[in-house]
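Undergrad: As a plain string of letters, each chain reads:
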Amino acid sequence: EAEVAQSPRYKITEKSQAVAFWCDPISGHATLYWYRQILGQGPELLVQFQDESVVDDSQLPKDRFSAERLKGVDSTLKIQPAELGDSAMYLCASSPYRQGVVSDTQYFGPGTRLTVL
Amino acid sequence: GQNIDQPTEMTATEGAIVQINCTYQTSGFNGLFWYQQHAGEAPTFLSYNVLDGLEEKGRFSSFLSRSKGYSYLLLKELQMKDSASYLCAVDDDYKLSFGAGTTVTVRA
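Here the protein sequences come in this chain order: A and H.
In terms of this note's numbering, the first sequence opens at residue -4 and continues consecutively.
In terms of this note's numbering, the second sequence opens at residue 15 and continues consecutively.
Heads up, a few of these hints could be off.
Said to hold, decoys possible - Mimicking DSS-like on lysine-lysine, the simulated pairs with C-alpha atoms at most 27 Å apart in a straight line are:
{"no.": "1", "chain 1": "H", "residue 1": "Lys109", "chain 2": "A", "residue 2": "Lys66"}
{"no.": "2", "chain 1": "A", "residue 1": "Lys57", "chain 2": "H", "residue 2": "Lys109"}
{"no.": "3", "chain 1": "A", "residue 1": "Lys73", "chain 2": "A", "residue 2": "Lys57"}
{"no.": "4", "chain 1": "H", "residue 1": "Lys95", "chain 2": "H", "residue 2": "Lys71"}
{"no.": "5", "chain 1": "A", "residue 1": "Lys6", "chain 2": "A", "residue 2": "Lys66"}
{"no.": "6", "chain 1": "A", "residue 1": "Lys10", "chain 2": "A", "residue 2": "Lys73"}
{"no.": "7", "chain 1": "H", "residue 1": "Lys109", "chain 2": "A", "residue 2": "Lys73"}
{"no.": "8", "chain 1": "H", "residue 1": "Lys109", "chain 2": "H", "residue 2": "Lys82"}
{"no.": "9", "chain 1": "H", "residue 1": "Lys71", "chain 2": "H", "residue 2": "Lys109"}
Calculated directly from the structure, the hints in this document are not laboratory data.
Between the sequences and the hints, there should be enough to build the whole structure, so can you do that?
TA: The structure is reproduced here in structure tokens:
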């Protein structure tokens, strides 16, 4: 069964350092999402891509976060500089995009657990 | 903004039934999803409702009432492995807004 891949699984960094997370969606899935999940809360959407284009990044803190999906396949999320409050699980999800379909299931990767010291 | 409410915690006995309620107020609606999330793991898809009524899938069922902004997830014949967080999420234009999750603890 196809899965969303993410790396690294765990990352510990000091504040003010730069960190990067990588995601490879399920093959053929046009839509890719990055979420942040703080312990005890539901995932919060940071950025949504349709192929290589950003569809929604309204909740992305653009002063320190950036995301790209240059070839419309895998994606990288970067934080520079990291702050203590960025400690969370960063989840990547993908879904197919089919015209005329009202909604489609998002499939999540295993996530990257970030700890900022 | 989006407002999605579900209880924080529920406890039930192995073999019993538990119903997790979710109420929502969102600007758009393309359907409602339920996900299961074990501690430290990614959410996994359980069910999707876009029309009113009950969708049954094995031990799990999900109900939707769009006019009431209400859904529930029903877990039957509870097993220890069902101990997890259950997330209610509303799809608004291909974007999911999640509730905070309901932690279900199954006791022997």
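Undergrad: Determine for every hint whether it applies to the structure shown.
TA: Do the hints match the structure? See the list:
no. : hint               : result
1   : H:Lys109 - A:Lys66 : 22 Å, holds
2   : A:Lys57 - H:Lys109 : 19 Å, holds
3   : A:Lys73 - A:Lys57  : 10 Å, holds
4   : H:Lys95 - H:Lys71  : 17 Å, holds
5   : A:Lys6 - A:Lys66   : 25 Å, holds
6   : A:Lys10 - A:Lys73  : 14 Å, holds
7   : H:Lys109 - A:Lys73 : 21 Å, holds
8   : H:Lys109 - H:Lys82 : 21 Å, holds
9   : H:Lys71 - H:Lys109 : 24 Å, holds
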